[in-house]
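Residue numbers (our numbering), protein chains in the order written: chain A, 136 to 542; chain B, 136 to 542.
Among these hints, one or two may not hold up.
Between beta-carbon pairs, the in silico distance windows are [unchecked claim]: (1) A:Thr171 with B:Asp320: 28 to 34 angstroms; (2) A:Glu178 with B:Gln448: 36 to 42 angstroms; (3) A:Gln343 with B:Asp442: 29 to 35 angstroms; (4) A:Gln343 with B:Glu457: 49 to 55 angstroms; (5) B:Glu178 with A:Met446: 40 to 46 angstroms; (6) B:Asp320 with A:Arg470: 43 to 49 angstroms; (7) B:Asp320 with A:Thr450: 57 to 63 angstroms; (8) B:Arg219 with A:Met446: 55 to 61 angstroms; (9) B:Asp442 with A:Gly235: 49 to 55 angstroms.
No lab work stands behind these hints: they were computed from the structure.
From a predicted model like this one, the values you see are computed outputs, not experimental measurements.
Just so you know, even glycine gets a beta-carbon here, dropped at the ideal spot from N, CA and C.
Protein chains: 2
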Amino acid sequence: MLRSWVGERHHTTVSVMTDLQNASVTILGSTGSIGTQALDILERSGKGQALRWITCNTKWQLLAEQVEKFSPNGVAIREEQAWREFKDAMPRYTGRVLCGDDGICEAAADSENRVVLSAMVGFSGVLPTLAAIKAGHTIGLANKESLVSAGSILMPAVDTYGAKLLAVDSEHSAILQCVVGERRDDLEKVIITASGGPFRTYTHEQLQHVTAAQALKHPNWDMGAKITIDSATLMNKGFEVIEAFWLFGLRADQIDVVIHPQSIIHSMVQFVDGSVKAQMGVPTMLVPIQYALTYPRRTPLDIPRMDLASMGQLTFESPDTERFPCLALAYEVMRQGGTSGAAVNAANEIAVEAFLQGRLRFRDIPATIEHVLHHMEHVTHPSLADIVSIDAESRRIAHDFAHRHQL
Amino acid sequence: MLRSWVGERHHTTVSVMTDLQNASVTILGSTGSIGTQALDILERSGKGQALRWITCNTKWQLLAEQVEKFSPNGVAIREEQAWREFKDAMPRYTGRVLCGDDGICEAAADSENRVVLSAMVGFSGVLPTLAAIKAGHTIGLANKESLVSAGSILMPAVDTYGAKLLAVDSEHSAILQCVVGERRDDLEKVIITASGGPFRTYTHEQLQHVTAAQALKHPNWDMGAKITIDSATLMNKGFEVIEAFWLFGLRADQIDVVIHPQSIIHSMVQFVDGSVKAQMGVPTMLVPIQYALTYPRRTPLDIPRMDLASMGQLTFESPDTERFPCLALAYEVMRQGGTSGAAVNAANEIAVEAFLQGRLRFRDIPATIEHVLHHMEHVTHPSLADIVSIDAESRRIAHDFAHRHQL
Numbered sequence: 136m137l138r139s140w141v142g143e144r145h146h147t148t149v150s151v152m153t154d155l156q157n158a159s160v161t162i163l164g165s166t167g168s169i170g171t172q173a174l175d176i177l178e179r180s181g182k183g184q185a186l187r188w189i190t191c192n193t194k195w196q197l198l199a200e201q202v203e204k205f206s207p208n209g210v211a212i213r214e215e216q217a218w219r220e221f222k223d224a225m226p227r228y229t230g231r232v233l234c235g236d237d238g239i240c241e242a243a244a245d246s247e248n249r250v251v252l253s254a255m256v257g258f259s260g261v262l263p264t265l266a267a268i269k270a271g272h273t274i275g276l277a278n279k280e281s282l283v284s285a286g287s288i289l290m291p292a293v294d295t296y297g298a299k300l301l302a303v304d305s306e307h308s309a310i311l312q313c314v315v316g317e318r319r320d321d322l323e324k325v326i327i328t329a330s331g332g333p334f335r336t337y338t339h340e341q342l343q344h345v346t347a348a349q350a351l352k353h354p355n356w357d358m359g360a361k362i363t364i365d366s367a368t369l370m371n372k373g374f375e376v377i378e379a380f381w382l383f384g385l386r387a388d389q390i391d392v393v394i395h396p397q398s399i400i401h402s403m404v405q406f407v408d409g410s411v412k413a414q415m416g417v418p419t420m421l422v423p424i425q426y427a428l429t430y431p432r433r434t435p436l437d438i439p440r441m442d443l444a445s446m447g448q449l450t451f452e453s454p455d456t457e458r459f460p461c462l463a464l465a466y467e468v469m470r471q472g473g474t475s476g477a478a479v480n481a482a483n484e485i486a487v488e489a490f491l492q493g494r495l496r497f498r499d500i501p502a503t504i505e506h507v508l509h510h511m512e513h514v515t516h517p518s519l520a521d522i523v524s525i526d527a528e529s530r531r532i533a534h535d536f537a538h539r540h541q542l
Numbered sequence: 136m137l138r139s140w141v142g143e144r145h146h147t148t149v150s151v152m153t154d155l156q157n158a159s160v161t162i163l164g165s166t167g168s169i170g171t172q173a174l175d176i177l178e179r180s181g182k183g184q185a186l187r188w189i190t191c192n193t194k195w196q197l198l199a200e201q202v203e204k205f206s207p208n209g210v211a212i213r214e215e216q217a218w219r220e221f222k223d224a225m226p227r228y229t230g231r232v233l234c235g236d237d238g239i240c241e242a243a244a245d246s247e248n249r250v251v252l253s254a255m256v257g258f259s260g261v262l263p264t265l266a267a268i269k270a271g272h273t274i275g276l277a278n279k280e281s282l283v284s285a286g287s288i289l290m291p292a293v294d295t296y297g298a299k300l301l302a303v304d305s306e307h308s309a310i311l312q313c314v315v316g317e318r319r320d321d322l323e324k325v326i327i328t329a330s331g332g333p334f335r336t337y338t339h340e341q342l343q344h345v346t347a348a349q350a351l352k353h354p355n356w357d358m359g360a361k362i363t364i365d366s367a368t369l370m371n372k373g374f375e376v377i378e379a380f381w382l383f384g385l386r387a388d389q390i391d392v393v394i395h396p397q398s399i400i401h402s403m404v405q406f407v408d409g410s411v412k413a414q415m416g417v418p419t420m421l422v423p424i425q426y427a428l429t430y431p432r433r434t435p436l437d438i439p440r441m442d443l444a445s446m447g448q449l450t451f452e453s454p455d456t457e458r459f460p461c462l463a464l465a466y467e468v469m470r471q472g473g474t475s476g477a478a479v480n481a482a483n484e485i486a487v488e489a490f491l492q493g494r495l496r497f498r499d500i501p502a503t504i505e506h507v508l509h510h511m512e513h514v515t516h517p518s519l520a521d522i523v524s525i526d527a528e529s530r531r532i533a534h535d536f537a538h539r540h541q542l
C-alpha cells in the first residue's frame with residue numbers, strides 16, 4: 136500500500152490548508168446540516184468571505200440568505216424550479232447562478248477551489264464528488280453514500296487525478312486523527328463506535344411499532360433527517376464501515392463496530408503492537424468539519440471540552456445484528472463488491488423516504504434493502520454508467536417492495 | 136517552542152530505529168522490571184544479540200544469567216561487592232566488566248550505543264542519563280526520578296547535545312503516541328490517567344493501617360516495589376505530572392490527572408480544537424518499552440488485544456488530594472521549581488524504604504515529603520552539584536523525620 140492516509144497515492148504533501156487564512160472553500164450542499172455548520176466555522180474564523188461556491192438542492196431561500204451573508208463567487212441549485220425562484224428573488228446578485236447536476240459539477244471542478252466540502256445527501260453526491268476528484272482537489276467528504284455506491288470508481292480516480300479525500304464523518308475523522316504520524320503498515324484494524332441509535336435497548340417487539348418521530352430523536356447527534364433514520368437502523372454505521380473499507384484501503388475483517396452509547400469515543404485504531412488510539416470529545420460535527428479544512432493542523436475551536444470525571448463512565452457493548460440487520464448487510468456488501476453497494480444505498484434511500492412519510496414500517500427498511508440486494512442484477516466490475524443504472528433499477532425494485540408492504 | 140515531541144530541538148529526524156534490525160541497545164538497570172521486559176522484547180524479536188551494555192545495582196547473579204543468554208559487549212555493576220562476585224563467578228566472560236557509577240556512566244556514553252534504555256531506580260539514574268544525553272544518544276527514559284530531580288539540568292542538556300528523550304512510562308508513551316503527526320502549538324493540555332492504586336476507595340481511617348504487603352498488590356500493573364508503593368500514595372502520579380512538565384515543555388495548568396481504575400486508557404492529549412486523543416490497550420509495559428525502541432514506527436507484538444465490549448465500561452473520577460496529598464505536592468514542585476523536585480524525590484525514596492521495612496506508616500510517607508519540602512533549603516537555579524547536595528541533605532532530613540515517626 137503506497138497510498139497515504141488521505142486517499143491519495145502520488146503526493147506526499149501532508150498539508151491541506153495551513154489554517155483557514157487562504158481558504159477558498161466550495162460547499163456542495165451548503166443548506167444541509169454539515170453545510171450550515173461549515174459556514175458557521177468559516178464565520179467564526181472570520182473567513183466566510185473566502186467562500187467560492189455554495190450549492191443546494193431545493194432550499195433556495197436559505198441559499199439566498201447565505202449569499203447575502205457570505206457573498207460567494209457563485210451558486211448552483213439542483214432543482215430547476217428552485218433555481219428560477221432564486222434568480223427572480225436575487226436580481227442584484229452578481230455571481231454566477233448555475234442549475235442542475237451539471238451546474239453543481241461545474242462548481243465542484245472549479246480550478247480556483249482550495250477545498251471542496253462534499254455535503255450533499257445520498258447518491259446525488261456521486262457525480263459532483265467525482266468532478267472534484269477529477270479536478271485534483273482536496274475534498275472533505277461528508278457524503279458517505281458516494282463511497283458506498285461508487286467507491287470502486289471514486290478511489291481509483293483519486294489515485295489517477297492526485298486528489299485527496301478527507302472524511303468529514305466523526306468516525307472517519309477520528310480514524311484519520313489517530314493515524315497521522317503512523318505508518319500505513321502498522322495499522323491492524325479500526326474500531327468504529329456506534330451510539331446504537333434511539334432504539335438500542337428496544338426489543339424485537341418494540342421495534343415493530345416505532346415511528347418516524349421517535350426515530351428522528353437521536354440521543355447524541357443533531358443531524359439531517361435521512362442520516363438520523365440511518366442511525367436508528369444502524370444502516371449509517373454499515374455505510375461507515377463500507378466508507379472506511381474504501382477510504383483507508385482496509386479488508387472487511389479489519390473493521391469492527393462497538394456500541395458506545397455516550398458517543399464520546401468517536402472511533403479507534405488498533406496497531407500491530409496492540410496499542411490502540413482513540414479520538415474523543417463531546418459530540419459535535421464542528422470538530423471533524425474543521426479538521427477536514429485545516430488537516431493536518433488544527434485551529435482553536437470554542438466548544439465545550441470533554442470531562443470524563445464528571446461523566447463517570449463510558450460504556451461499550453457488541454452490536455446486535457439480529458435486531459439491526461442493516462449492519463450485517465454492510466459486511467455482505469464488502470464481500471460481494473461490484474454494484475452491491477449502489478443497490479443497498481438506493482434501496483435504503485427509498486425505504487427511508489417511505490418510512491419518513493409514514494408509508495413503511497421501521498422493520499421493513501432492512502427488509503427492503505435485503506430484498507433489493509438479493510434480487511438486483513450484480514455487476515462485478517461496474518462502470519459509472521453501470522452504477523447509475525443499478526442505482527435507478529434498485530430504486531424501482533425498492534419502490535415496488537415498499538409499495539407491497541405499505542402501511 | 137521549537138522543540139519536537141521527543142525532547143530535542145535541533146533535529147527534525149523522526150526515526151529512532153526503523154525496526155529492531157539495527158538495534159545496538161544498552162540497558163541501564165537490566166535486572167529490574169523494565170530491564171527484564173526490554174530483554175524479553177529483544178529476545179522475542181530475535182535481536183537479543185544486539186545488546187551493547189547491561190548494568191545492575193547489586194543483582195549480579197541475574198546479570199550473569201543475562202550475560203550467558205544475550206552476550207552483551209560489556210556490563211557495569213554499581214555495588215563494588217557485587218562487581219567482585221560477578222567477576223569471580225564469570226571468569227570466562229570476555230566483555231568488559233565496569234564498576235560503580237563511573238562504570239555505568241561509561242556504558243551510557245558509549246558512542247556505539249544506538250538506544251540507551253535508562254531503567255535504573257530513583258536518583259541513581261540521574262548521572263548515567265546525563266552521560267547518555269551528553270553523548271547525544273536516543274534515550275528511552277524509564278527513570279522518571281531523573282527528570283523530577285534534575286529536569287532543569289537534563290532538558291537543557293538534551294537541547295545542547297542534540298539527544299532524544301523518549302519516555303517509557305505508559306502514560307508518557309501514550310502522550311507521545313497521541314502527538315505524533317500533530318503540531319506542538321496545537322496541544323492544549325494532557326490528561327494523565329491514574330489507576331488510583333490499591334487504596335483508591337479506602338477512607339482516611341483505613342489508610343492509617345495499610346501495610347507494605349497490601350500496598351505491593353497493585354490492581355493492574357506488575358512493577359518493581361518502589362514504584363508500586365509510589366502508585367499507592369499517588370506520588371508516582373505526581374512524578375509523572377512533573378515528568379510531563381519537563382518532557383513535553385508544558386505549564387502546570389496544562390496537566391490534568393483523572394482516576395481511571397481499569398488502566399485501559401493510558402493517557403490523553405487535548406488539542407486546541409477540543410479534540411482529544413487517547414492511547415489505550417491492556418495494561419502491559421511491553422508496548423511502551425517497544426515503542427521507545429521502534430518510535431515512530433511499530434513492530435508486531437504478541438499481547439492480548441483490548442476488547443471494550445467484553446469489558447463493558449471504563450470509569451473515571453477526580454483524584455482526591457485530601458486522602459492522597461502526594462499528588463498536590465507535585466503541583467507545588469512545579470510552582471516552586473528549582474531544587475524542590477530533588478527534595479521531594481529524595482524524601483520519597485527514604486520514606487518508601489522505611490515503609491517497605493515496616494518502620495513508617497503509610498500516611499507518614501506524604502508527611503515526610505511535605506516536611507522535607509518545607510524545611511529544605513531551596514535553590515532557584517541549581518547546578519548539578521546543588522541538586523546532588525540537596526538530594527543528600529533531603530535524605531538526611533527525611534531520615535530524621537522518619538526516625539522520629541518510627542513505628
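Evaluation of the provided hints:
Between Thr171 of chain A and Asp320 of chain B the Cβ separation comes to about 29 angstroms, which falls inside the hinted range of 28 to 34 angstroms. The given range of 36 to 42 angstroms is respected by Glu178 of chain A and Gln448 of chain B, whose C-beta atoms sit roughly 39 angstroms from each other. Between Gln343 of chain A and Asp442 of chain B the Cβ separation comes to about 32 angstroms, which falls inside the hinted range of 29 to 35 angstroms. The supplied range of 49 to 55 angstroms is met by Gln343 of chain A and Glu457 of chain B, whose beta-carbon atoms lie about 53 angstroms from each other.
Between Glu178 of chain B and Met446 of chain A, the C-beta spacing of about 42 angstroms keeps the proposed range 40 to 46 angstroms intact. Checking the proposed 43 to 49 angstroms range against Asp320 of chain B and Arg470 of chain A shows it holds: the Cβ atoms sit about 45 angstroms from each other. Between Asp320 of chain B and Thr450 of chain A the CB atoms are about 35 angstroms apart, so this pair departs from the stated range of 57 to 63 angstroms. Take Arg219 of chain B and Met446 of chain A: their Cβ atoms lie about 58 angstroms apart, and the range 55 to 61 angstroms holds.
For Asp442 of chain B and Gly235 of chain A, the hinted distance range of 49 to 55 angstroms is satisfied, since their beta carbons lie about 50 angstroms from each other.
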